[in-house]
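Participant: Dock chain B against chain A, hints included.
There are 2 protein chains.
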Amino acid sequence: MSKVVLDALGGDHAPQEVVAGLAMALERKFARPDQVLLTGPRDRVLQELAARGLGAAGIEVHDAPDVLSGDESPTDAMRKKPKNSIAVGIGLVKQGLGGAFISAGSTGTVVAAATLGLGCLEGIRRPAIGAIIHGEKHPFLVLDVGANPMPKAHHLAQYALMGSAYYRGTFDVAEPNVGILNIGSEELKGNPLVREARAMMKQLPIRFTGNVEGVEVFSGDCHVIVADGFTGNVLLKVSEGVAEYLLRQMFGLMKQAGVDGAAMQKVQKGILPRVDFSEYGGALLLGVDGVVTICHGRSRAPAFANAIRFALRALDAEVNRHIVQVARTVALPSAEPNA
Amino acid sequence: MSKVVLDALGGDHAPQEVVAGLAMALERKFARPDQVLLTGPRDRVLQELAARGLGAAGIEVHDAPDVLSGDESPTDAMRKKPKNSIAVGIGLVKQGLGGAFISAGSTGTVVAAATLGLGCLEGIRRPAIGAIIHGEKHPFLVLDVGANPMPKAHHLAQYALMGSAYYRGTFDVAEPNVGILNIGSEELKGNPLVREARAMMKQLPIRFTGNVEGVEVFSGDCHVIVADGFTGNVLLKVSEGVAEYLLRQMFGLMKQAGVDGAAMQKVQKGILPRVDFSEYGGALLLGVDGVVTICHGRSRAPAFANAIRFALRALDAEVNRHIVQVARTVALPSAEPNA
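From first to last, the protein sequence lines stand for chains A and B. Count along the first sequence from 1, then add 27; that gives the number in my numbering. Count along the second sequence from 1, then add 27; that gives the number in my numbering.
Be careful, since some hints might not be right.
Identical copies look the same in the list; a pair holds intra-copy or inter-copy alike.
Heads up, simulated DSBU-like pairs for lysine-lysine below, C-alpha to C-alpha not over 35 Å straight-line [claimed, not checked]:
| # | residue 1 | residue 2 |
| --- | --- | --- |
| 1 | K216 | K121 |
| 2 | K164 | K296 |
| 3 | K216 | K110 |
| 4 | K108 | K121 |
| 5 | K179 | K121 |
| 6 | K216 | K108 |
| 7 | K107 | K216 |
| 8 | K164 | K216 |
| 9 | K179 | K216 |
| 10 | K56 | K296 |
| 11 | K282 | K293 |
| 12 | K164 | K56 |
| 13 | K164 | K179 |
| 14 | K121 | K56 |
Honestly, the hints are just simulated from the structure, not real lab data.
Isolated chain A (complex conformation) (with noise of 0.2 Å):
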């Protein structure tokens, strides 16, 4: 079912950036509109469709009269307002509608919503968030980046197992290096986690490079980057935040050096893309029975735009088939339920 739920009214943006972002998508031929639907207060998005001139393209909007604040909890979000965006367009990938659903609502209600709407695929007990970020030599997925910050060994086997999937579906490299966040190269350095989790993804059918050190992140080889939840968004965080203060400074320096506009901003047309985490569309909720991308709050049109681009990506690949199929043919750890 390649067809994309776009959450209309989710982000800082809603709707307009969400609806240029469609656009775009449509401009670029990354989609078709048959394959996209909406979700949002219907009148609303119909104007937004129709300021962009998609009014007559046959854009299927579902209608989700309740606004969330984006205060709420995920909670209170899912019980007081049930038929907010984000519900009613995971219930639309639930009846198999859409294959893909597509957020920039708040994360927690996102992964509130689709891990007890659609549940984990077959084999996968838990579910990961996964970001891709541009690297020196090809962009890289670190998983998870905050779903679990307390994972047990079996889960991080688990991630490495999607994340090698999910990387080949999308970028299209056979057999992706897949490695663990430890802090040293050596074999026996890390915490138990890590080297529990560093025998069992030894035993699984992927690429398994061993041990990632932080400073090897962004310049290394490896495509998939496994960590617990803790450390995972840790380093997603820090790095935004290195990003950020470091290009603030180095602009600086180079208005003090007298670089001229035009150089300055050959410079930024240069830099800026590399440290744009909505390069790749966004966040992955990984291991849920469907295709859930989570977009940043402050997401733009571009953002939304990748964000539908490879979430269909990923669903013509088939990721989750192949994770189940390779989930299938791994013996874990027998574990309590819901374990």
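Facilitator: Chain B only, in chain A's frame:
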């Protein structure tokens, strides 16, 4: 005992850069010649001192004929080469001939030698490695960056105490802001370790400011950031990696954009100290009975000069006496011995 013991043989560029750093420290009046003791193979060190014009400066050299390769495990280093420059240096601090020890040798060996040789400060259960980093508003201290990848909550609370005392003593900030690295700003976010440690830190006689998210680390108001040794190490190493990667990209783009050499040099001169992790001398081993600084293996003269400067400052400020004083007033949870 305001004397510094300097490992003349530690690091990739020893003894040349170590002795050059000492010469720089003397020239800049960071230290007097009678405040520094050197350890290493006597003749080689004396020769290097002579080469730097310090042959007659009256600097004490303590012979350490066993040369470490850097590949030995800490245990092998201490057992098979007991007269190495690290062991001899720590021995001098233990005997009270110096108050501080500085080495760019293997971190593992320095930590092992210092922990076993000097022991922990009264009331402190586990040492931590602290790194001082150039932030946007001020330098900040992150601890632990790798001494203990699996700490308990009360260890983190002690890191907060130690970090606060060290920062106050060496940077002259009366009440440093102390935060705990977490994956959200809300009180209940994170893992059980962080939540438990937070509750303890609130009771301490420090200015505890709560959670620090990854994105705020470099630009926020915290002077001291507490983390477990695994996450702290990832923070430090990822920051280094991102900085190296981005600067490589930026200078490449500037070149492509035709920025002239003079402007490039100005920018470089401005940015390099900001990403120079040796600006404040190196990493600290906090919690042992002595001031111990571990310089990066690739340290050059300025790093050693700064290490001497900050080590003497920590001695003058009696950082360790303050740590013990505060630790005494704080009822830490009872724990099994060695916990």
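Participant: Given identical chains, is K216 near K108, meaning Cα to Cα at most 35 Å, within a copy, between copies, both, or neither?
Facilitator: between (47 Å within a copy, 24 Å between copies)
Participant: One pair to classify: K164 and K179, alpha carbons no more than 35 Å apart. Within, between, both, or neither?
Facilitator: within (31 Å within a copy, 38 Å between copies)
Participant: When no copy is specified for K121 and K56, does a C-alpha distance of 35 Å or less occur within a copy, between copies, both, or neither?
Facilitator: Intra 26 Å, inter 72 Å, cutoff 35 Å: intra-copy only.
Participant: Give the relationship of K56 and K296 under a CA distance limit of 35 Å: within one copy only, between copies only, both, or neither.
Facilitator: Within one copy only: 24 Å inside a chain, 46 Å across chains, cut-off 35 Å.
Participant: Within a copy, between copies, both or neither: where do K164 and K216 come within 35 Å Cα-Cα?
Facilitator: Both: 26 Å inside a copy, 34 Å across copies.
Participant: Are the CA atoms of K282 and K293 at most 35 Å apart within a copy, between copies, both, or neither?
Facilitator: both (14 Å within a copy, 10 Å between copies)
Participant: At most 35 Å between alpha carbons: which applies to K216 and K110, within, between, both or neither?
Facilitator: between (49 Å within a copy, 27 Å between copies)
Participant: Between copies, within a copy, both or neither: which fits K216 and K121 at Cα up to 35 Å?
Facilitator: between (43 Å within a copy, 29 Å between copies)
Participant: Tell me, please, which holds for K179 and K121 at an alpha-carbon limit of 35 Å: within, between, both or neither?
Facilitator: Within one copy only: 28 Å inside a chain, 43 Å across chains, cut-off 35 Å.
Participant: Within a copy, between copies, both or neither: which one fits K179 and K216 at a CA-CA cutoff of 35 Å?
Facilitator: So K179 and K216 pass the 35 Å test inside a copy (18 Å) and across (18 Å) alike.
Participant: Reference check for the pair K107 and K216, CA-CA at most 35 Å: within, between, both, or neither?
Facilitator: between (47 Å within a copy, 23 Å between copies)
Participant: Using 35 Å as the alpha-carbon threshold, which applies to K164 and K296: within, between, both, or neither?
Facilitator: This pair counts as both: shortest intra-copy Cα distance 19 Å, inter-copy 27 Å.
Hint violations for this structure: none, all hints satisfied.
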